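Participant: The lines below spell out each chain.
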Amino acid sequence: MSSLLEMRGITKRFPGVVALDGVDFDLKAGEVHVLLGENGAGKSTLIKILSGAYQPDEGEIYLDGRRVILSSAVAERLGISTIYQEFNLVPQLTVAENIFLGRQPRRFGLVDRRRMLADAHALLERLGVRVSPDARVERLGVAQQQMVEIAKALSLDTRILIMDEPTSALSGEEIVRLFETIRSLRQEGVGIIFISHRLEEVAEIGDRVTVLRDGKKIGECSALTEPSRLVRMMVGRSIENQFPRRRSRVGDTLLEVKGLSREGIFRDISFQVRSGEVVGLAGIVGAGRTELVRSVFGADPFDSGEVLVGGRRLRSGEVEEAGKAGLGFVPENRRDQGIVPPLSVADNLSLATLKRYRRLGLIDRGRMQRQAWRMIEELNIRPPKPDQEIRYLSGGNQQKVIIGKWLLAHPKVLILDEPTRGIDVGAKVEIYELINALTQDGAGVLMVSSELPEVLGMSDRILVMSDGTITGELSAEEATQEKVMQLATRSRRTAVG
Amino acid sequence: MDRSERRADGFRRRNPLSRTDFLRLGGAGLAATALLGAAGCGGGSAGQGGSSGGGSGGTKTIALSLSTLNNPYFVAMRSGAQQEAKKLGVKLLIADAQNDASQQQKDIQTFITQQVDALLVNPVDSQAIVPSIQQANRAKIPVFALDRGASGGDVTSTIISNNVKGGEIAAKELIKLVGSGDVAELQGVPGTDVARDRGNGFENVIKKQSSVRLVASQPANFDRNQAFNVAQNILQAHPNIKGIYAQNDEMALGAVRALGGKAGKEVKIVGFDGEPDAIKAIKQGKMNATVAQQPIRIAQLGVQYAIKVIGGKKVPKNVRVPVKLVTRQSVGSYHGWGAGAGS
Amino acid sequence: MASIVQKVAPRSLLSRGGPLGGLILLGLILTFLSPNFLTFQNLFNVGFQAAVVALLAFGQTFVIVSGGIDLSVGSVLGLSGIAFGWASVKAGLPLPVALGVGLGIGVLAGLVDGLLITLGRLPPFIATLAMLSAARGMALVISGGVPLNPIPRAVSEFGSGDIFGFVPYAVVLMVLAWLATAGILRTTYPGRCMYAIGGNEEAARLSGINVSAQKLVIYSLSGLFAAVAGILLTAQLASAQPQAGTGFELDSIAAAVIGGASLVGGVGSATGTFIGALILGVLRNGLTLLNVSSFWQEVVIGAVIALAVMTDTLRKRGA
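Protein chains in written order, with this note's numbering: chain S, 1 to 497; chain A, 498 to 840; chain P, 841 to 1159.
No lab work stands behind these hints, which were simulated from the structure alone.
Predicted, not measured: the structure shown is a model, and the values here were computed from it.
We treat Cβ as the ideally placed atom computed from N, Cα and C, and that holds for glycine.
Keep in mind that a hint or two might mislead.
What the hints assert, rightly or not - Partial list, derived from the structure: chain P residues whose beta carbon lies under 10 Å from chain S:
no., residue
1, Gly-1038
2, Gly-1039
3, Ile-1049
The following block holds chain S by itself, in its conformation from the complex (with noise of 0.2 Å):
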């Protein structure tokens, strides 16, 4: 096996931040290399420049043994194809055009649907997806989007395939799916980079493995390596217990939610939150969880049905009256709907609390200011520069702002929808410590969370939902992913009783 791709001491640097330091990386054809570190180590940006997307500041690159400068073009002509986390596809166009966008098959100079239709049936048969390639990619579920992404990249004939974090969206059956197909992949020589944080995934799919740390390499190994290893390269320091729930006292009941349902999505939802306890809310992708909450928050109206905090009953899709009742929302999607990009952190920390610092009708920025900073530190986010422009800010810090906004706000409950995805093991120790502080202090969590080993892990109760319904809930203690998974996959159809 010959190296296919070298990247020799590639720096890049950003306003406030060096993202890459003198890294090399190397790639063969026929393997599929893990590229694992925490967010902010610099996985994006490293392929982010070898997609053409940006110049590294230092460093070469070279492929078969030639020296190239890359841009988009170049790079998709080389073969080099890179599948997002944040997908690039256009929602109100087709399956089959977003797959063959600006390159559709012709006849005669003008686009032959029906070829275009065909080729993209047999690449989505390739990939065992069953979707129509006819649907507009805008009513397509995440997870859905997310194979279309993949089928564009087949069809390009690539070389070198890259992907980012494909597997956060996906549920046991299609990561199973997609393992095969990287497997295939890799038999017909392509050369896969694949960056996860799954330690379980890396030794499943992957024959090496680099670990990237604030921007430097720290090491490459086999895929094999055990995985405490791994995490201490990563994080510099052994992490002993992943997820460290500490149960605090429970008290009265602060988020009470009845009889709750919108039409065609949830139906019927009843549950209660207390003071001091961790409620996940555990299920496959499209069971209506991100739906629920966003109702719930009022972020979204409902049909019919109650939702009270601390008694006081809430108007259906009134975000302001939640907030000022005492509820708070970290959503699901941080790029578009949790951060404010052009703003600095210190402007997004104060987003849920600005009406606070008025005095005399003017904004108190000094005060602000200082609230910013306490967050700043409290919450460890890195760089702790207040003015630094968010959108410069690794995932794992953006959450932390985030999550740091409500905690300005004093709520009495937290809802957090998929709060460590996309975040590295050490920032996640970090988040689950805030939400046991936040416990300890008398407020109460609700988390949804496609993670497994974190439902478990940190939820003192779990409920399961499964096509718009809650299937079931279990305790802590009676916990385990078997009993989960039943819950989550028990559809209307099979239900008992």
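Got chain S sorted already, so can you dock chains A and P onto it with the hints?
Facilitator: Below, chains A and P alone, put in the same frame as chain S:
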């Protein structure tokens, strides 16, 4: 200053100018270069170029602030002024306000800054021009109003056509052409002296007889396209119209287009100004008559008077330049507005 | 007051290096090309001439920072001027009341824009485009298509008068508006909301900000500033013109963008817009001093606007 502000300051000091700021600087530099380029090639097209103000002995500088160049009438005025200035050896600066009163104010302010020796002004609006005239008065620059008057300020001389008489002449001709029946009037910009006078002159004569009736009077703002629409609407409301009087030729030509085959035949059309396109229409039989002004003469007088006043002589305060009726019969011997009146 | 100026001016000037540098460069070139440029009289003329557009641009800045656009400001300027003119000339109302009518109409127009956008769910471009026509039409209806005069003496003297004998009132008004805009953007709740909504409207909404209510405030502010501009222009011309302000909306947008505001939202400043308005004013003034025909002027101004937007787009792609 507490810790938070100190840190924030440090950040600012390290990043005063980002790359985009440099890009902006470069962009402004390019714009400035474009400016230079425009000054080089565009400067000549607006009459005499050069920006050195007059004032100190030698060649005198006269400024002409026109309301618009979107009308051959004013283009002719410009030609008249340019020729006369050349003949008499004075420098002429010209500005076109594109029918915007506030643009005209800026134009005149700039002339005052350039310390011109006299100001010829063709107001967009007789009222809105007053503050500018007052500013010129304060700067001791003599002001002359051309083609339209000003309702305030100290104007040394107002040189306009005899619009009232012109309206009367037009009315008499239209009555003669139509004999008996209904007629309509296309008015200019409402509120201007010109529109008022041309309208009054016309209506005074019409009122004094009864065989021809004025059934519609609508403004079309001296504009050809607007007149096209207004004429069409009038025809819809009054299909038996026998004649149209337009307060300027641009509007008359718009009416010609609206009337199609009827223009000049079943429906008689009388305009005002005497512009080349109207003369052509009269020759072709699409229009019947027009009241010709003398824009070149107005401009010439303006320049001449300006020079006289600069030299300390007196000039009449109000001049009414005569107008002349041009009909199908007399169009052959009509010489147009004068030499160099435009194509 | 002094501390507000201190807080507002130095920090913004530092980070507005780009447009400020452009303005200075422009000034230097014009000084070289025309001896009449760098005189007190002319510089104050520039201020006088730029004031109306600057006022519009400040109002526009609020809208652009919040991610919207207001195409109606030119027409609202005209409508407000006519409303004021009607109130004082035709209805004979006392001056303060007439001013109130003029300003009130502007705020009302802005409020209607805001309602069309929030309740009507129209994109700002469409909603304000509709208002552009409607307001201009209203101005023509109220005025009968005719300029309204005579304007009260006090007002026309404000329009053409100066303070200390040489600083035009118009310039003073412009500076006050600059400080007010900077203050609003940096230190008021609605101001901070503008940045949040422009930067990511959904995130702002999910943080508990009442986006609809804030948008009503934003567009009403824009209407208010347009009304002030309309009354100022009426004062300058000593008559209320129904066609006043036609086309000025484009200049207001240009000034804001040249000054660093991003049409995508979330970025912009009062000082930047101020410099942008001055750049436009200096350009027009300079080109007129050089006797460049008005047609070429439009070409140059178009080039400057294109360049400014280009650098804005380049910055978006990751400077």
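Participant: Does each hint hold? Answer for all of them.
Facilitator: The hints, checked one at a time:
{"no.": "1", "hint": "Gly-1038", "in the structure": "holds (8 Å)"}
{"no.": "2", "hint": "Gly-1039", "in the structure": "holds (4 Å)"}
{"no.": "3", "hint": "Ile-1049", "in the structure": "holds (7 Å)"}
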